[in-house]
Amino acid sequence: MNLALSDDDRAFQDAVRAFIAAHLPADIAQRQLSGGRLDPSDIRRWQAILNDHGYGAIHWPVPFGGQDASPLRQYLFELECALAGAPPQLSFGVRMLAPVLMRFGTGEQQRSFLPSILTGETWWCQGYSEPGAGSDLASLRTSAVLDGDHYVVNGQKCWNTLGQHADWIFCLVRTDATSKPQRGITMLLINMKTPGITVRPTVLLDGTSEVNDIYFDNVQVPVSQRVGAENEGWTIAKFLLVHERTNIAGVPWSKRDFARLLRIAQVATRHGRPLLDDPDFSRRLARLEIDLNVIEYTNLRMLSAASGDLTTPSILKIRGSEIRQAISALTLEALGTSALRLHSVSGEAPMPEDDLTRGVAASYLNLRKLSIYGGSNEIQKNIVSQLTIGL
Amino acid sequence: MNLALSDDDRAFQDAVRAFIAAHLPADIAQRQLSGGRLDPSDIRRWQAILNDHGYGAIHWPVPFGGQDASPLRQYLFELECALAGAPPQLSFGVRMLAPVLMRFGTGEQQRSFLPSILTGETWWCQGYSEPGAGSDLASLRTSAVLDGDHYVVNGQKCWNTLGQHADWIFCLVRTDATSKPQRGITMLLINMKTPGITVRPTVLLDGTSEVNDIYFDNVQVPVSQRVGAENEGWTIAKFLLVHERTNIAGVPWSKRDFARLLRIAQVATRHGRPLLDDPDFSRRLARLEIDLNVIEYTNLRMLSAASGDLTTPSILKIRGSEIRQAISALTLEALGTSALRLHSVSGEAPMPEDDLTRGVAASYLNLRKLSIYGGSNEIQKNIVSQLTIGL
Amino acid sequence: MDFQFTEEQRLLVETLNRCLTDEATFDQRKQTLRSADGWSHALWSTLCGLGVPATLIDEVSGGLGGSAIELALVCQAAGQALLLEPVSSVLVAHAAFSRYAPPALRADIGDTLIAGEKLLVPVIDDRHGSLLATPAADGLQISGQAAVVYHAPLADYWLVAVSTRTGAPADTLVIVPRTAAGVSLKTYQTVDGQRAADLHFDGVAVPSSAIWVTGDRAAVEWVIDCGILALAADTLGSVERTLNLTIDYLKNRQQFGGPIGRFQALQHRVVVALSKVEELRTWLWVTAARFHGALADRRLDVRALHVLACETARHVGEEAVQLHGGMGVTEEMEVSHHFRRLVAAGIRYGSRDEHLAAYAQHRFARSGTPV
Amino acid sequence: MDFQFTEEQRLLVETLNRCLTDEATFDQRKQTLRSADGWSHALWSTLCGLGVPATLIDEVSGGLGGSAIELALVCQAAGQALLLEPVSSVLVAHAAFSRYAPPALRADIGDTLIAGEKLLVPVIDDRHGSLLATPAADGLQISGQAAVVYHAPLADYWLVAVSTRTGAPADTLVIVPRTAAGVSLKTYQTVDGQRAADLHFDGVAVPSSAIWVTGDRAAVEWVIDCGILALAADTLGSVERTLNLTIDYLKNRQQFGGPIGRFQALQHRVVVALSKVEELRTWLWVTAARFHGALADRRLDVRALHVLACETARHVGEEAVQLHGGMGVTEEMEVSHHFRRLVAAGIRYGSRDEHLAAYAQHRFARSGTPV
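Chains as they are written, first to last, in the numbering used here: chain G, 1 to 391; chain R, 1 to 391; chain P, 1 to 371; chain Z, 1 to 371.
If you're looking for bench data, these hints aren't it; they were derived computationally from the structure. This one's a predicted model, so the numbers in the text were calculated from it and none came from an experiment. Ideal Cβ positions, reconstructed from N, Cα and C, are used throughout, including at glycine. Fair warning: there could be bad hints in the mix.
[Unchecked claim] Partner residues aside, some chain R positions facing chain P, computed with beta carbon under 8 angstroms: (1) 276; (2) 282; (3) 283; (4) 287; (5) 300; (6) 304.
Next up, chain G with everything else stripped away, as it sits in the complex (with noise of 0.2 angstroms):
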């Protein structure tokens, strides 16, 4: 057991803290740090620049412009770009589509779509979840019937999110109706510019529309777009769930809201001190902390593992959503009152948009969806059941 770096990661981490600090842009920087809210366009220029600099999607087999990234080096990548106010990367096309197509796509979907992932052109969207669908997926109804060469899709999806800027969605649809529920489900890509598609915003009580509903009224998608065969859409939506698992606990950026959290708790005060000297304050800091730290070092522990438990995947989803809600609602607590300003109402005079305050509130909104989507907390503890009690 040795929890020291080996050179070469080291000098890995080295290097992407190096890049970061010559190329991301200060502006998204600032916005990222500031709890300011994501801007698509800010996306597709980190994104572009990663990829200028062979950062693109280091997780990748090096054929396809990866650099075939370690588990570990992923996660040390995607801190720095934490730590640094580096967006996000998008995950629908980079972590989720691109390995589907790898393992289950056409040498001709692979050539189509892989490339433009990696610049940050096109942008992708999910379209899994439906009205009667969520945590039980696989009752989903979406209907596509093939007619000469293309599927006719009708339906709606809902909890899309950011479809509103995607250029292409990756789809479960239902080719066969008659079989049991898990069976019949097909994946397709379709162009969002097809005909027939309508794309609505959710509002949210952030305030944001970050997902949508998609209509779909006999919207043609040709049969080369179909992923895999008909009627294999739920294996390839399983292969998903395990392979995109390097960075489900999220702690990059919890560690960024907790270096944030720090800040605050060192410039606000309670009754006339920093509340970074309050005791109870303090302590439950603290306590948030050391959770984070267990989760870190329990999410690095299944990435080192040969073959990790089956349960823990689902350990850190629950736990890694838990602790980044937490952080985000001692954060609301540390600035009071005042995180509760929201819109400027006022024509005297602008709201006051400090850097400490500002997005507080509406993050903490934001976050509860953590342990809601991506399997709900509570589907991963029937599953973590499932695989230990087994009743």
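For chain G, the structure is supplied; the task is to place chains R, P and Z on it using the hints.
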């Protein structure tokens, strides 16, 4: 809304206090307040004294020797008794069997059994649970077969509390194995000296034998000792569940234990100063006191209401047990390692038995039962859920 | 010992709830949220017609002479209905008015307050304690600021708590017209959709006729305690409604071939939430019933109430959103509006930890040693 | 970065566990509990045969030179098997021996310690801090007491931590034979069935040859940290076993027509417990791996470890008993024995709150201001 006691109730409380001050034997109070274990003879002695002064069972109707005391007065009475160090009355006769006999028993049964409950001469115990029927009481299997004017009882009861001291037991037995589980159950009163009864104490984790297994081997029970009609036992059991809820939260005992915790926190030290002055400890004490005060008034609110919300008794059971357990846990923590001493094994000197640490760990261990027995907290949650969600 | 409400109190609640069910619908609220003023003058007028502003004004001044119980009952209804109108602020200010306003002022503005034509709300920034009064020719002069004052932009008068010594807690209550010279404010919408402002006082002159009490910290604490009681009542109303919405959702939302309310893990979580609501309910009414009396220590009761209200707001709000799944984080669902109201409630009037520490200090500290 | 154990470490655990599975059965333990000595000399001999006492003795002294990892591995196995034998105490004392014992003493008693013929255990009463050393003719003289010292009655030698200044924390380590003049002890069984004693030192003479370090608080802290690490490892072993017992029970206990493990509310509680165990496991090995290095601050790692171990012990122990229902509180069930071991673990070496406060102090306090 007026939370002051009425003049009459205040006078009642004063009278109870005066009676206790004059008649509660000092040795009994000393044993109770210093965390000593319950002596069965203390319980009998105290019941006789109570009865001599008209307090044998204040909630019973006057014709049976009670005072028809309101739920509030019952609470006040138990509170004063607990705080002064009186042992709890044995509920099996006074609170459980007696109301059943008054409602379902024959005149003959009432005349035979009620007076000796009042005087403390007859010690009753309860035969409900079985190895395969704990939370799932309705699946009990101890059988009673009618043979002329006797039932012949065979089977095993477990979790029988203090039956090793008992003269009589009231038992749920199966008289019809063919109908659905809740049907076919009958209540019998059985003399513990009847041939065929074996009592085998179960050693518990605190070293006591507070509960027993009771084996019935062709035990003959006269039909006259059946309560209510054959196969009506489930109705009686449910009646009891609803009836016996005045003190379901155990507030008097929690208040007694909390007073002890406060005394300990004044005497015990941490880093050289009284624990009560330690910020962390005083906050935990404060938080616990708030819970205790809230549950006390939740209980009083229920007692005072003409008809209470049906969910309240279950909530009181859950929270009451949690709070009493939390008090015992915090007491343990207040004493730290000095609470870990259990049995002296050294010849040289007797184990120190100073009042503070005595029985604290044993009590913490013993009170784990509170959330398990009398309908486990999980069963209580099912009940509340059934009443609210109803699925 | 009697936990029942009086017939009048029951009537008050019934009338109010009937009105709010009809006129303060969730759809109505969403419209009001988008309006320029951010609150509904029409709904306020209706509430005035029901006598709501009169509730806490004393009978000598022509009001209904309500107690802490009436204050809590009205605020509970306001929380249930997610009101954007300044009911709780006005009622707290009126309670203070009834207790501390000088006679001349009662005669002067009592009637317009009762009618709801003029609005008086409290301005208390106890956390920052940065409003300072200095003696002036006829009365006092106030400088400093007060942050995040709920409903301040809606009011005609402010009941302002100020300090008379630098760095000391506020110990003086004065009334200041919103239009007074030297006052400026920045107005915004809060996380829970209400209107609030940061106030700036630059040598604002307060004539002696506008001074209610001076050098009386206990008076300021009394007003703060009224505010905490009102907020806890609002929170109780909100968590009650939130719990009902959640139970309905669990009964109706279908997943895995049936309503999700049949899953025991979710059921047990609902029971825990329900139990917390029941406990908050108990302690709200205990605190309200003992508020004016000598039965108990109001300071302990109120600290405990705030601790419970903060914890319950946070727990029930977060659980309700989680149990609603994705729907819980959408603007279109009522539960997300309650959640935001509960988030704000968990922060206003000081944190749960501060109040618990104050409780411990007050209850256990001996011989003046700070705990 | 490598989280794997070495081949030797794996072998150590396998050998030990195979031995304990065979020879430290639960039935055996119940017999040992009732025996006069309260621990099994036979089992101890077996463990000595496996080289357990040699594990933490340095190689120069003839031991195996194990690190904090080996200490934790052995103690984890001891916790799993609910050992009554003084494994953890001896190993902690041996770690201190390897680091601090003077050369003459190593030559003198090293071999008997390695063989397990003589037992050395630590005597640290950091909570009371009431053992005081004063200068004497040849060395020191010790007076005072140490409360609830685990395994003290079983030992031949005690490694005693004493203060050299009244009221100051212990800063000196000496070795005292159990038979030294001026020593008396009261022996008892603890809540978790182990043997412990309250020690009384009345002017006990300590020759300079028996003094390991003086005026070195860091050395005492190092030994305490070893003790906390050993206890956390024991706790990990115990909660792992407890969780497995509970899962088995849930699979097998029939109620309402099937195994109770099919109830989702219980399933989700098991997952929470499992998650806490996983987190304790992570942090135990992180702390052990960094114990001797400069990668991190050992004091923070150990404080965090103790906080986690106390919380996990309490949570898993209480949940396991509850999920076992009535069976959980009986002497005949193994789970109730683990529960008692976990109760004791949550109390020894200072409370969770104290260690969390120390973490916060060490991590966040600035410019010497006490947090």
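Comparing the hints with the structure gives:
1. 276: Given a least distance of 5 angstroms, the restraint on residue 276/R holds.
2. 282: holds (4 angstroms)
3. 283: holds (5 angstroms)
4. 287: This interface hint holds because 6 angstroms falls under the 8 angstroms limit.
5. 300: Holds: closest Cβ of chain P sits about 6 angstroms from residue 300/R, inside 8 angstroms.
6. 304: Holds - the Cβ of residue 304/R comes within 8 angstroms of chain P, reaching about 5 angstroms at its closest.
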